[in-house]
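Q: Here are the chains, one letter per residue:
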Amino acid sequence: MLKKTPLGQVLGLGSAKAGAEHWLRQRVTAVAGIPLVLFLIGYILVHRGASRAEIVASMQNPIVALLMTLTILNLVWHMRLGLQVVIEDYAHANPTKYALLLLNTFFAWVMALAGVHAILKMSFGL
Amino acid sequence: MADTRNARRPLSPHLQIYRGGLTMLMSIAHRITGVALYAGTLLLVWWLTAAATSDPYFDMVQAVFASVPGRLVLFGFTWALIHHTLGGIRHLIWDMGRGFGLRHVEMGARLSLAGSIILTLAVWAIGLGVS
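First to last, the protein sequences are chains A and B.
Going by the working numbering, the first residue of the first sequence is number 514, and it counts up by one from there.
Going by the working numbering, the first residue of the second sequence is number 26, and it counts up by one from there.
Here chain A stands alone, though its shape is the one from the complex (with noise of 0.2 Å):
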């Protein structure tokens, strides 16, 4: 006989071994996807054929470097969320699923670190 409470008897099953954290992180990240694109796009078509120079000039202003790291942080997060699902669908295999999620995680982290730091480095104007 089960003497666990309903809750407990499904906790961590799953691919995933947790869904609705990952779940709701993936819609936060996508509602706050919304404006971030907006704001991509719109700068992208601000910036056309800028120099560099003006590229960096534009990160100096804190508004746009804060967007611009949010909407690196907030899809790097979505996509590895994302990407987690797509993986934990189609590799079933123990070793090539875990080395994929392995692979995900590290790639998202090496974008956003890399990410931030370019448009720090351009805001402090270094």
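Be careful, since some hints might not be right.
[Unchecked claim] With a Cα cut of at most 25 Å, we get these calculated SDA-like pairs of lysine to any residue: (1) K634(A) x L69(B); (2) K634(A) x P81(B); (3) K610(A) x S52(B); (4) K634(A) x L67(B).
Rather than coming from a laboratory, the hints here were simulated on the basis of the structure.
With chain A held as given, fit chain B onto it using these hints.
A: Frame of chain A; chain B shown alone:
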């Protein structure tokens, strides 16, 4: 960890069992554009890194993006970004428990496809200075 799958247990039906349609195509497109945008992040971070590095490096990256293959990739990037955003809005509406009626689902599929194409062309028309 042990492989707990039972080979004889029936699996849930996959793509090939359903009749195709625009809604199915949009669902698949949402996933494909998501994966494509994942790779596209590399381009955005590359561009930011180049801008933070040096003039010659930035000019090189700009030249790559301005080339014909570069523009084709960026055009696809733009469409994927807009389509995934519109598809995401559809998903958020469903998450609120709305828009599940057949008519609304079909309408959403058409609107997101047409909207993504129109908005992509509009962004590029502005970008290329076409008036």
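Q: Hints first: check each against the structure and report whether it holds.
A: Going through the hints against the structure:
no., hint, result
1, K634(A) x L69(B), "16 Å, holds"
2, K634(A) x P81(B), "17 Å, holds"
3, K610(A) x S52(B), "23 Å, holds"
4, K634(A) x L67(B), "18 Å, holds"
Checked against the numbered hints above, the structure violates none of them.
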